[in-house]
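Listed in order, the protein sequences are those of chains V and E.
The numbering of the first sequence is numbering that gives the first Met the number 0, which starts it at 0 and goes up by one.
The numbering of the second sequence is numbering that gives the first Met the number 0, which starts it at 0 and goes up by one.
Any given hint could be a false lead.
What the hints assert, rightly or not - Interface residues of chain V toward chain E, partial, derived using beta-carbon atoms under 10 Å: (1) L20; (2) Y43; (3) E128; (4) R129; (5) D288; (6) S311.
As the list claims (entries may be wrong) - Cross-link-like lysine to any residue pairs, in silico, SDA-like; alpha carbons within 25 Å at most: (7) E:K10 - V:T23; (8) V:K13 - E:L9; (9) V:K10 - E:W41; (10) V:K442 - V:A243; (11) V:K13 - E:W41; (12) E:K8 - V:E28; (13) V:K35 - E:E21; (14) E:K57 - V:A243; (15) V:K39 - E:D17; (16) E:K57 - V:G250; (17) V:K39 - E:P26; (18) V:K10 - E:E4; (19) V:K442 - V:W405; (20) V:K401 - V:N447; (21) V:K35 - E:Q27; (22) E:K8 - V:T8; (23) E:K8 - V:N18; (24) E:K57 - V:A42; (25) V:K35 - E:A12; (26) V:K191 - V:E210; (27) V:K35 - E:V19; (28) V:K10 - E:I5; (29) V:K13 - E:N38; (30) V:K35 - E:L39; (31) V:K398 - V:P431; (32) V:K35 - E:K57; (33) E:K8 - E:M37; (34) V:K225 - V:A270; (35) V:K39 - E:E7; (36) V:K194 - V:G180; (37) V:K10 - E:M32; (38) V:K442 - V:E384.
Keep in mind the hints are simulated off the structure, nothing from the lab.
From the three backbone atoms N, C-alpha and C, an ideal C-beta is built for every residue, glycine too.
Here are the chains, one letter per residue:
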Amino acid sequence: MPAPITYLTEKASKARYWNELIETMPRDELDALHLKKLQKLVAYAYDFSPFYHRRFDDAGLKPGDIRSLEDYRHKVPLTDKQDFIHLQQERPPYGDTLALPDEMLTHHVETSGSTGLPLAVPYSAYDTERVGESWTYGLWAHGIRPSDSFYFAFNWGNFAGFWSCYFAARRMGCRVISGGGADSKGHIAAIKRLKPTVLICTPTFALRLAEVAKEMGEDIQNSSIKYTYHAGEPGPFALPAMKAAIDEAWGADSGELLGIAEIEAFGPGCAQRDGVHVNEMAVYSWSMDPASGEETPAGEIGENVISSYTYSAQPLLNYRSHDLVRRTRDCPCGCTWDKFESVVLGRTDFMVTVRGTNVYQTAVENIIGEIEGVSPFYQLVLDHEGSNDKMTVEFEPDKSVKDTDWPSLAQEVQDRIHKALHVRLETKPMAPESLPRYDLKTKRIIDNRPKELRRALDR
Amino acid sequence: MQPTEIIEKLKAARTLLDEVYEGTDIPQIQSMMRHADMNLHWALWNLGEVETLRPDLKA
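Please model the entire structure based on the sequences and the hints provided.
Below is the structure:
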């Protein structure tokens, strides 16, 4: 018998990193590479995209003006989702934002529209090759190898969702099993029958599937699933309580990637399991004080402003993500790429000021996740009374909590939020399993405020 | 193999692919060369060898 055919050599499959050379590259070398890449990116956008050509001309900027990373941060105009949505609406489907002719486009996806209208996102073939690559660093660091098989509890529609992970799984040589078209019971049945080792879905959907399996009498704690990996919502690396819940429900090791549908799946994860590294081969990312526009230093919270090297069909340069992050360096995992501690801490546009206190969705979520007897399903209901915004936390007590104990649990939720955030929010227990469940992006904020009182992106 | 040697070989492979792409009118073979070249360009990018943003752009 000849030696069995393998995807990677034995030595390569035992490597600690997907690509050690670049994942452990010293900061000065990474920054020198960034400058080189950004100069190429600026020239490309100026030469091929009518949108950027106009933008740069308006700002009096020529590609040759970028001689340092500081030049790039300050001289290249900031872009925002609204810029692109506006142009796409004026001249569907893409406006004049493309840098490539139609014949070079091979795939169309869209953002979820969770903060307004969906943004159309065209990919070239080369973009799809590279867009998926970010996942591979995190999946590899998590222990996933070519012998693993992926089950996608995902419907493969136009929503960008987990398409990038599909490209990554194939790149790693893993088997892909589609859950397209199946309902929750169908997913559980398929997992039992086909025995995948990796579950891909949003974190809340992983918990929902675990609930359904329990109802079906299926033991998924001892199923074939060894790993679960998530994106789309605050997940296991952002919320320790979420990690504990998913790991216990599935008897698996859960992980998380941070992506922005229109940019990249750019934050692959981290072997430390407490945040995500930024894939610095694929993007350039810096933190900005949203009020002053100045760079915020490492360790302080700022808005992630990001540029993609891998997305050449509709380039995004100095793009405001509206995600608030705390950027750190010197991670014990050995990766030198910037890291977002606890992933995304909040959204500049999902921040609500309640009686003078800024309240972020994830801050409330973190607190809820730590309280015994409270399920991970909750929603924040925003109303406007008098001249103030009001936030009500609707949460589900676990089934094991008697309804006579709900008022004291609501009091505890309120007290814990008050202690941590210095604001007293109304809390309302809801019957178990009464709050909506979502397959993809979970809608946590129900905004009943008049439209004119909401921030632009929430309208 | 050291990174410099890998880079050298990847560049040589791109040159060979380009010769095949230019030398044939068979759509299937041209398409295959395009795909192979994307991977070589991406490998070079990931080894810090930055010449152009896309493989189909001339430096």
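Hints and how they fare:
no.: 1; hint: L20; result: 6 Å, holds
no.: 2; hint: Y43; result: 5 Å, holds
no.: 3; hint: E128; result: 5 Å, holds
no.: 4; hint: R129; result: 6 Å, holds
no.: 5; hint: D288; result: 30 Å, violated
no.: 6; hint: S311; result: 5 Å, holds
no.: 7; hint: E:K10 - V:T23; result: 24 Å, holds
no.: 8; hint: V:K13 - E:L9; result: 24 Å, holds
no.: 9; hint: V:K10 - E:W41; result: 22 Å, holds
no.: 10; hint: V:K442 - V:A243; result: 22 Å, holds
no.: 11; hint: V:K13 - E:W41; result: 23 Å, holds
no.: 12; hint: E:K8 - V:E28; result: 23 Å, holds
no.: 13; hint: V:K35 - E:E21; result: 29 Å, violated
no.: 14; hint: E:K57 - V:A243; result: 50 Å, violated
no.: 15; hint: V:K39 - E:D17; result: 22 Å, holds
no.: 16; hint: E:K57 - V:G250; result: 51 Å, violated
no.: 17; hint: V:K39 - E:P26; result: 30 Å, violated
no.: 18; hint: V:K10 - E:E4; result: 19 Å, holds
no.: 19; hint: V:K442 - V:W405; result: 24 Å, holds
no.: 20; hint: V:K401 - V:N447; result: 30 Å, violated
no.: 21; hint: V:K35 - E:Q27; result: 34 Å, violated
no.: 22; hint: E:K8 - V:T8; result: 19 Å, holds
no.: 23; hint: E:K8 - V:N18; result: 18 Å, holds
no.: 24; hint: E:K57 - V:A42; result: 13 Å, holds
no.: 25; hint: V:K35 - E:A12; result: 23 Å, holds
no.: 26; hint: V:K191 - V:E210; result: 15 Å, holds
no.: 27; hint: V:K35 - E:V19; result: 30 Å, violated
no.: 28; hint: V:K10 - E:I5; result: 17 Å, holds
no.: 29; hint: V:K13 - E:N38; result: 23 Å, holds
no.: 30; hint: V:K35 - E:L39; result: 19 Å, holds
no.: 31; hint: V:K398 - V:P431; result: 6 Å, holds
no.: 32; hint: V:K35 - E:K57; result: 16 Å, holds
no.: 33; hint: E:K8 - E:M37; result: 15 Å, holds
no.: 34; hint: V:K225 - V:A270; result: 16 Å, holds
no.: 35; hint: V:K39 - E:E7; result: 21 Å, holds
no.: 36; hint: V:K194 - V:G180; result: 18 Å, holds
no.: 37; hint: V:K10 - E:M32; result: 29 Å, violated
no.: 38; hint: V:K442 - V:E384; result: 23 Å, holds
Hint violations for this structure: numbers 5, 13, 14, 16, 17, 20, 21, 27, 37, all remaining hints satisfied.
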